[in-house]
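S.K.: For reference, the chains in residue letters:
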Amino acid sequence: MLEIRNLAKSFGGVKATNDVTLDFPDGSLTAVIGPNGAGKSTFFNLITGALKPDSGQVLLDGVDLAGRSPPEIVRHGIGRAFQVASIFKSLTVQETMLAAVSADQRSSAVLHKRFPLPETRDRAEHVMELLGLAGKRNRTAATLSHGDQKLLDIALALVLEPKVLLLDEPTAGMGPEERWRMIDKVRELWETQKITVVFIEHDMDIVFKIAPKIVVLCYGRILATGTPDEIRNDSAVIEAYLGTEHAGAAA
Amino acid sequence: MTELEAGRADRLAPVRSVAVLQRYRDVLIALVAFAVLASLPLFTGSKALLDFVIRCSAYGLFATSLNLLVGYTGLTSFGHGMFFGLGAYSFGLIMQKLGLPIPVAFVATLAITALIAAVIGAICVRLKEIYFAFVTLAFQMLIHSTILSWASFTGGDQGLRGGIPRPAFLGINLANHVHLYIASCALLVLGLLAMRQIAQSPFGYTLRMIRDNAARASFLGIDVWRVKLTVFVLAALFASMGGMVMALFVSGAYPEFAYWTISGEGIFINMLGGVSTFLGPMVGTVLLLLLNDTVTRFTEYHGIVLGVVILFFALGLRKGLLDFVAEWFSHRHDAGEGR
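Chains as they are written, first to last, in the numbering used here: chain A, 1 to 251; chain B, 1001 to 1339.
Since the hints were made in silico from the structure, they are not lab data. Errors might be hidden in some of the hints.
[Unchecked claim] Okay, derived cross-link-like pairs now, DSS-like style, lysine-lysine, Cα gap no bigger than 27 angstroms in a straight line: (1) B:1128 / A:52; (2) A:15 / A:89; (3) B:1128 / A:89; (4) A:213 / A:15; (5) A:89 / B:1097.
With the rest of the complex left out, here is chain A (with noise of 0.2 angstroms):
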């Protein structure tokens, strides 16, 4: 289980997460909404690392992480995907995969045998059918769609076998059609890996119809956390966040 203990992280004089304290229970699925600037990012940067928070904890099966280095917390089980698709532009989509599952298995200093590594094969032929990019094993990770290289970067994190998956926007820049394709893949991947899952997400509808639970940040702030009926309903919600525009389309 994830657990996250007022967790504050301040630049200059802008609280960008402000005591934010949440459970992210085994297997959970998760959403984290919120307008532009209420600090999601800088939450999941300071979960995993990019950031080291002010104070508070950061509790994974009991132990805290707050404040340590990307790779240790990434050991500890703590796998994300980036908002704008974080790849290597030069490795090919198998090349991607076998090295990320070389770095997990700690034979990336390996300097007298030949990549990639036996051993790392079933791991990274597994994700790669996974999501779909078997099909494009030899494809430069650069020459791949704006949707392939966000499902790369997905792949990445997921082929390190992590407990809790942080994605940052997994359809930002998408079509319509293809955030729901790749919103139906969260949801599969997380029924199939049974692992916990924590997503921003900016699509109302997309949030609503597959998060079971839902996170709204404001000014760094909690402003409510609950099922999509509750957020839809929450007051506090509507006036700082759904405006009136949604709250007129539901009624």
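On the provided structure of chain A, position chain B as indicated by the hints.
M.R.: What follows is chain B alone, placed relative to chain A:
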């Protein structure tokens, strides 16, 4: 085994053997190259040609090791020449002052290089891009001025004079020109083979990941700093090997070996030959030395000619010669497959 797994095993098997085959192929190419080079003295009495190959060995080892940093890791070092100079001086000094057997001095020089590279690298690899380039350049100047000012030990601006003793070992007499030639070729081929292995190992792919996206690599659990330091030290070792070949060749060591222009030439060579293929720097080495030798024969303004050639590669082709050839081949290959 389920049907799915069986199908998967089918697809995986060939890929596995490709990696093994690649290794045999590299060793085979190295053996053939060495056989060709080593038999050269049988066909020609030209001392100039053999000298040319010895210089190519020294510079080739140096330039290829620089490519491990520039091409594979994305670390553009402007001070890599310091390890070339360090190799030449350490080896020369050990031979002159201690008179150890050559193989012992060779290993001792590598150990000294590794130590110094680890200290300098620990400071440099924390820095990014232009800062890394500048600080490596600064260390190069530091080593160069140390050599100049510590005249009682290093001979100052006169260099290590009086010749480096080259006692025979295991029937190899490096004072003999042909022996020296064959030893240089052997070092070149072994060095290249070792660097090729590094480039194609899991570590080599970790380098590529860091070059492409260091932040992402760290989110895969890779300790980027440690990897960069490791490759910095490894590259220094091969540069030092190049320096030792040079010291043996000229039977001395001179401050120019440790001057920043050596690093500059290394970058030149990499631009000429290309950094996207393993042998690019080797091709660049031959090109630069050929240009140097021919142009200086015709004009004293050889700097201008070299500059124009570099501009042609940098602005005209926008890549090195071997990059260009490799791209042309892959285009043809793609066209042939109808993709």
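S.K.: Tell me the hint numbers this structure goes against, listed in increasing order.
M.R.: 2 and 5
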